[in-house]
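Make a model of the complete structure from these sequences and hints.
Okay, here's what each chain looks like letter by letter:
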Amino acid sequence: MARTKDKNGGASDAGQREEAAAAAFEAPARVGVRKAYKMLVGGQFIRSESGRYRQVSDPMSLGGTKENVPWASRKDVRDAVVVARGAWEGWSGRTAYNRGQILYRLAEMLEARQGELSRALERGGLDAERAAAEVAATIDRTVAFAGWTDKYQSLFASYNPVAGPHFNFTVPEPMGVVGVVAPARPALLGLMGAILPIIASGNVVVALASEADPRTACVLGEALATSDLPGGVINVLTGPAAELLPHLAKHMDVAALDLHGLEPGLLRKAEEAAVGSVKRVRARSLDEAAWMDAAGATSPRWIERFVELKTVWHPAGI
Amino acid sequence: MTAKEATITGTNGGSAPLAAVTPAARTALDFGNAWSYAPAPEATDHVRIQPRYELFIGGKWVAPQSGKYFDTTSPSTEQKLAEVAEADERDVDLAVKAARSGYEKYWSKLAPIERGKYVYRIARVMQEKARELSIVETMDGGKPIKESRDIDLPLAAAHFFYYAGWADKLAYAFPGQNPRPLGVAGQVIPWNFPLLMAAWKLAPALAAGNTCVLKPAETTPLSALMLAKIIEECDLPPGVVNIVTGAGATGAAVVGHPGVDKVAFTGSTDVGKRIQKALAGTNKKLTLELGGKAANIVFADAPLDQVVEGVISGIFFNQGHVCCAGSRLLVEESAFEVLLRKLKDRMATLRVGDPLDKNTDVGAINSKMQLDKIRQLVESGEQEGAERFSAPCTLPERGYWFAPTLFTGVSQSHRIAREEIFGPVLSVMTFRTPDEAIEKANNTMYGLSAGVWTDKGSKSFWVAQRLRAGVVWANTYNKFDPSSPFGGYKESGFGREGGRQGLLAYLEVD
Chain A
1 MARTKDKNGG ASDAGQREEA AAAAFEAPAR VGVRKAYKML VGGQFIRSES GRYRQVSDPM
61 SLGGTKENVP WASRKDVRDA VVVARGAWEG WSGRTAYNRG QILYRLAEML EARQGELSRA
121 LERGGLDAER AAAEVAATID RTVAFAGWTD KYQSLFASYN PVAGPHFNFT VPEPMGVVGV
181 VAPARPALLG LMGAILPIIA SGNVVVALAS EADPRTACVL GEALATSDLP GGVINVLTGP
241 AAELLPHLAK HMDVAALDLH GLEPGLLRKA EEAAVGSVKR VRARSLDEAA WMDAAGATSP
301 RWIERFVELK TVWHPAGI
Chain B
1001 MTAKEATITG TNGGSAPLAA VTPAARTALD FGNAWSYAPA PEATDHVRIQ PRYELFIGGK
1061 WVAPQSGKYF DTTSPSTEQK LAEVAEADER DVDLAVKAAR SGYEKYWSKL APIERGKYVY
1121 RIARVMQEKA RELSIVETMD GGKPIKESRD IDLPLAAAHF FYYAGWADKL AYAFPGQNPR
1181 PLGVAGQVIP WNFPLLMAAW KLAPALAAGN TCVLKPAETT PLSALMLAKI IEECDLPPGV
1241 VNIVTGAGAT GAAVVGHPGV DKVAFTGSTD VGKRIQKALA GTNKKLTLEL GGKAANIVFA
1301 DAPLDQVVEG VISGIFFNQG HVCCAGSRLL VEESAFEVLL RKLKDRMATL RVGDPLDKNT
1361 DVGAINSKMQ LDKIRQLVES GEQEGAERFS APCTLPERGY WFAPTLFTGV SQSHRIAREE
1421 IFGPVLSVMT FRTPDEAIEK ANNTMYGLSA GVWTDKGSKS FWVAQRLRAG VVWANTYNKF
1481 DPSSPFGGYK ESGFGREGGR QGLLAYLEVD
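Going down the list, the sequences are from chains A and B.
By my numbering, the letter at position 196 of the first sequence is numbered 196, and the numbering carries on one by one without gaps.
Numbers given in my numbering equal positions in the second sequence, counted from 1, plus 1000.
The set of hints was computed from the structure by calculation and includes no laboratory data.
Model, not experiment: these values are computed from the prediction.
Where hints are given, some of them may not hold.
To be verified - Label pairs and their computed distance ranges (CB to CB): (1) B:Ala1111 to A:Arg305: 37 to 43 Å; (2) A:Glu49 to B:Gln1465: 29 to 35 Å; (3) B:Asp1481 to A:Asp253: 32 to 38 Å; (4) B:Asn1178 to A:Ser285: 28 to 34 Å; (5) B:Ser1484 to A:Glu116: 39 to 45 Å.
Stated by the list, open to error - Heads up, incomplete: computed chain B residues facing chain A, CB under 7 Å, no partners named: (6) Arg1052; (7) Trp1462; (8) Gln1465.
We put the beta carbon where it would ideally sit given N, CA and C, even for glycine.
What follows is the structure, encoded as structure tokens:
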């Protein structure tokens, strides 16, 4: 039967699956090449140093093939922070225009991988229509934040009319390494929607991907790696937030945390750990509609949460 | 004395042993032929210029109703490059109607992010075709290829890229003010930065949600027509951008058309005033970017070698065809002699000639008409008693050329100190106190830009706060960026281009 040969093939209903299972094994004419999913850290595709993995199913293949996703450890978190810190100077030192061009290039790469990303979301449990809509929204969000890189400054900065012969102004500057916990859903838009406003201003990110659909984050990593984004600017780990977040939260080289959809116990633990280096913590739970709402989710206030403000005094006199 | 010895004498003019044997007249640098450059022309064989260009109206290439065409020539060779349609009132009417329909049918109905993505496309394709466009810009306008390649093109693409990003952010740019597009914008641009000015006009207008009728200058229409081809290639909805070529009458038809909601003009103060008058009482919105007579103020404490580079590029960049050119040099008296000597030395090293040569610093004057105007004003400078120095350089036989020139002994009442020459001519004056510098710098009907050079940061801010000019460059000159607003005080016009502020020219806000 032709369908049983098609291990990589399209959707099938339960009836067909049963029928396929009942049929005698028949080796396919061509054996598909399966992918080893890896995490993107420092521009490299890595497995967990711990060797841990988690199995995720592939409901789109016949028989529900299991696939393996790396399951990050505490040391992976620490390594990722070191790598991110190393990328910070280069990324924040680029011109805002250049960061904008790089993010726009990322949108170009995502657009080209629309089908692959949609399929990843479908395998993670979405129907085709919702998956396609989430991917399209992710690409447009990337375009929107590509545009913000050289514009938020004109909204946050100020000339301060101090009462004296001085030229006094306030400018926003990036903070450094920001830790992100992505929401469970939407797995792709939630991850990118949190990361984009943070890196737009020159921060770098260590993100923990959705545990509900970690595979999509690995596929996203492949798009990130083929954009012009320098290695280490976005580092995506797949792993258990409950175990990893406390380590991220107490890391002295992490400047801030952006936490999405955490249960109260874990959130409190993270906030307490953050005290050690006086981290800025933002935590919230947005529903899927809020993530899909472009007008709200592309607000410059998302950027403002992760910049410092620097005021410069300069005398004006002969 | 050989040329080599002269070089050494020149650079060490102040050192005792050489100065003792060198007559003062020989202290000027004289390279002779010791530093001759081999020609390094940019290849043009991959550039396609059509023999004839029609009007770009409603997404189609349309012949002018009058059937009339005019030649566009290269000012460096006087050779015809192409013939271009001359739009009259009927064609302009068609273009405005196309723009209106493009606005109503498509552009105003698009989601802002989608509008932005169209504008991003334009930026990307311009980047892809940057070399070709810069060559055409240089052939048609006469500016050195190194300027069109390294300044005009990257900036023009950056402008589209920057404003593309504003399209979906207008509500954040003007919170609580309900920003909305004006409708159809009529835009008339000059010949000094043909493509860059097209970008300055189209990018914010489109991002803000307007549709456009753009009229490029008659001596430099080609790059705007190539931009029309790019816009076509980007699949913009028909009528969103319309480009009509022609001379002053075409521009007047665009500005005067009752279907135009907004007029944007860059050009001379003279024409700007006529437009402002024509629009009086019509309710059309107007922005004007007009002439300038910028003061470049040099204090004695400034690093003079950097000053020389800044002053030279301030006035000789683009043959001085720059509205914000630093055409009045104000030097603190104690630094005058040494700076003047350094300036003359530097002027002698400027390479004037073939704009397509990658080593050329100063290209061709844009047109015969402009050359005549420069000559006339320079003559008036001589007649009024100022002392002229022109760089010793060989000018090509064909084409329109003018050697880099400076005047000393200029008084504030001289025409060359008051009128915009729009050519490679610098008027040098002196001052004794900072207050006098401010007084002289502001003594003009213009107020587009100014420069200040000093080693003391506080002084540059003190000066900047007192200059009546829209842009002040401190220890630098002629810097432009899409994120930085540009525009004038006083009779240099009103409205700003660039930055968040540049959006306001194309928006209605509460």
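| message | Can you tell me whether the CB distance of asparagine 1178 (chain B) to serine 285 (chain A) sits inside 28 to 34 Å? | response | 31 Å, holds
| How does the Cβ-Cβ distance of glutamate 49 (chain A) and glutamine 1465 (chain B) compare with 29 to 35 Å: does it lie in that range? | 58 Å, violated
| field | Restraint check, 7 Å cut-off on beta carbons, for glutamine 1465 (chain B) near chain A | value | This hint holds: glutamine 1465 (chain B) lies near chain A, its Cβ roughly 6 Å from the closest one there, short of 7 Å.
| CB of aspartate 1481 (chain B) to CB of aspartate 253 (chain A), is that within 32 to 38 Å? | 33 Å, holds
| request: Please test the hint of 37 to 43 Å on the beta carbon pair from alanine 1111 (chain B) and arginine 305 (chain A). | output: Hint violated: Cβ distance 26 Å, outside 37 to 43 Å.
| request: Please verify that hint: arginine 1052 (chain B), Cβ, nearest Cβ of chain A, below 7 Å or not. | output: 36 Å, violated
| query | Is it true that serine 1484 (chain B) and glutamate 116 (chain A) lie within 39 to 45 Å of each other by Cβ? | reply | Between serine 1484 (chain B) and glutamate 116 (chain A), where Cβ atoms are some 40 Å apart, the hint holds.
| Hint check, tryptophan 1462 (chain B) versus chain A [nearest Cβ-Cβ separation less than 7 Å] | 5 Å, holds
When held up to the earlier numbered hints, the structure conflicts with 1, 2 and 6 and fits the remainder.
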